[in-house]
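Undergrad: Sequence:
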Amino acid sequence: MSNERPAASVNELLAFLTYAELTPQTSMPWSSNATILCLATYQETQGLVIYKPQRGERPLWDFTRGTLCQREAAAFVVSNDLGWNLVPPTVLRDGPYGLGSVQLFIENDEQEHWFTMQKEGGYEHYLPLLAAFDVIINNADRKSGHCLKGADGRLWAIDHGVTFHHENKLRTVLWDLAGSPVPAPLMNDIVFLQQRLTLREGPLKLLEQMLSAEELVALQRRIDRLVAKGKYPQPTSEWSYPWPPV
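If you count the sequence shown from 1, position 96 lands on 96 in our numbering, and the numbers rise without skipping.
It is worth saying that the hints were derived from the structure and are not from the lab.
It cannot be assumed that every hint is accurate.
Pairs of lysine-lysine, PhoX-like flavour, derived with a Cα cap of 20 Å [what the hints assert, rightly or not]:
(1) Lys169 with Lys229
(2) Lys205 with Lys229
(3) Lys119 with Lys169
(4) Lys169 with Lys143
Here are the computed distance ranges between Cβ atoms for each label pair [unchecked claim]:
(5) Ser180 with Trp30: 15 to 23 Å
(6) Gly98 with Lys229: 38 to 46 Å
(7) Asn188 with Asn168: 34 to 42 Å
(8) Lys205 with Asp176: 28 to 36 Å
(9) Arg55 with Pro181: 38 to 46 Å
A quick note: this is a predicted structure, and the numbers were derived from the prediction, not measured.
Backbone N, C-alpha and C fix where the C-beta goes; we use that ideal spot for every residue, glycine too.
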């Protein structure tokens with residue numbers, strides 16, 4: 001199985017991530033929390049995945065302990081339901097060290113990140129998507145390095161452990177569109193998400209297992225506000241920018 005997004009359906013990838021046997025290979029460098037590269041084996045298929053066990057999460061003062069892996073999985077659920085395909089397929093499951101998130105590993109150029117891709121050009125269409133996505137999930141840490149350039153040249157968004165807080169925590173390097181209208185096609189997707197979230201239809205029902213009731217209410221309110229205003233928000237202070245930015 002190729003890890004720059006196999007030619008398989010999302011459902012097939014999710015089944016692979018859910019049922020594969022995980023064999024730890026190495027810990028990923030520069031990670032704040034336990035982040036383990038694993039070889040995943042399911043039937044006759046093998047591939048690499050990123051496993052983030054709950055018990056390896058560093059305590060944070062403003063996020064409930066042991067919930068970062070759940071937020072990683074919730075970010076994929078929202079991205080997938082929107083049809084934006086920003087987040088690599090991710091599931092919440094038991095692994096070698098207990099409950100954790102398991103995400104398809106993306107082969108990438110480690111020298112590339114959002115700023116370098118933006119300078120290179122050809123990635124402009126990702127900005128409206130990423131900026132709106134981070135508003136929806138209330139991303140408290142969108143650094144440039146949390147955008148990968150896959151081996152196939154496409155962009156992937158990773159590291160969503162500090163998202164979905166019930167208080168406003170939006171902290172990102174993607175303020176280029178602040179105050180400008182959300183493009184109509186994206187707004188149509190967001191309105192559809194708004195309706196499905198209200199009804200807890202389909203995969204969105206999984207969010208009830210990943211987020212608290214308070215966080216689900218806050219998610220609905222953020223979406224309602226974005227739809228009502230139709231514009232990207234403005235940064236509120238210096239805290240709105242992550243440091244370091246990469």
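Undergrad: Run every hint past the structure and note whether it holds.
TA: Okay, the hints, checked on the actual structure:
1. Lys169 with Lys229: With a Cα-Cα distance of about 19 Å, the restraint between Lys169 and Lys229 holds, given a limit of 20 Å.
2. Lys205 with Lys229: 26 Å, violated
3. Lys119 with Lys169: 27 Å, violated
4. Lys169 with Lys143: OK: Lys169 and Lys143 at ~14 Å, within 20 Å.
5. Ser180 with Trp30: 15 to 23 Å: 33 Å, violated
6. Gly98 with Lys229: 38 to 46 Å: 41 Å, holds
7. Asn188 with Asn168: 34 to 42 Å: At 25 Å between Cβs, range violated.
8. Lys205 with Asp176: 28 to 36 Å: At roughly 34 Å between Cβ atoms, Asp176 and Lys205 fall inside 28 to 36 Å, so the hint holds.
9. Arg55 with Pro181: 38 to 46 Å: 44 Å, holds
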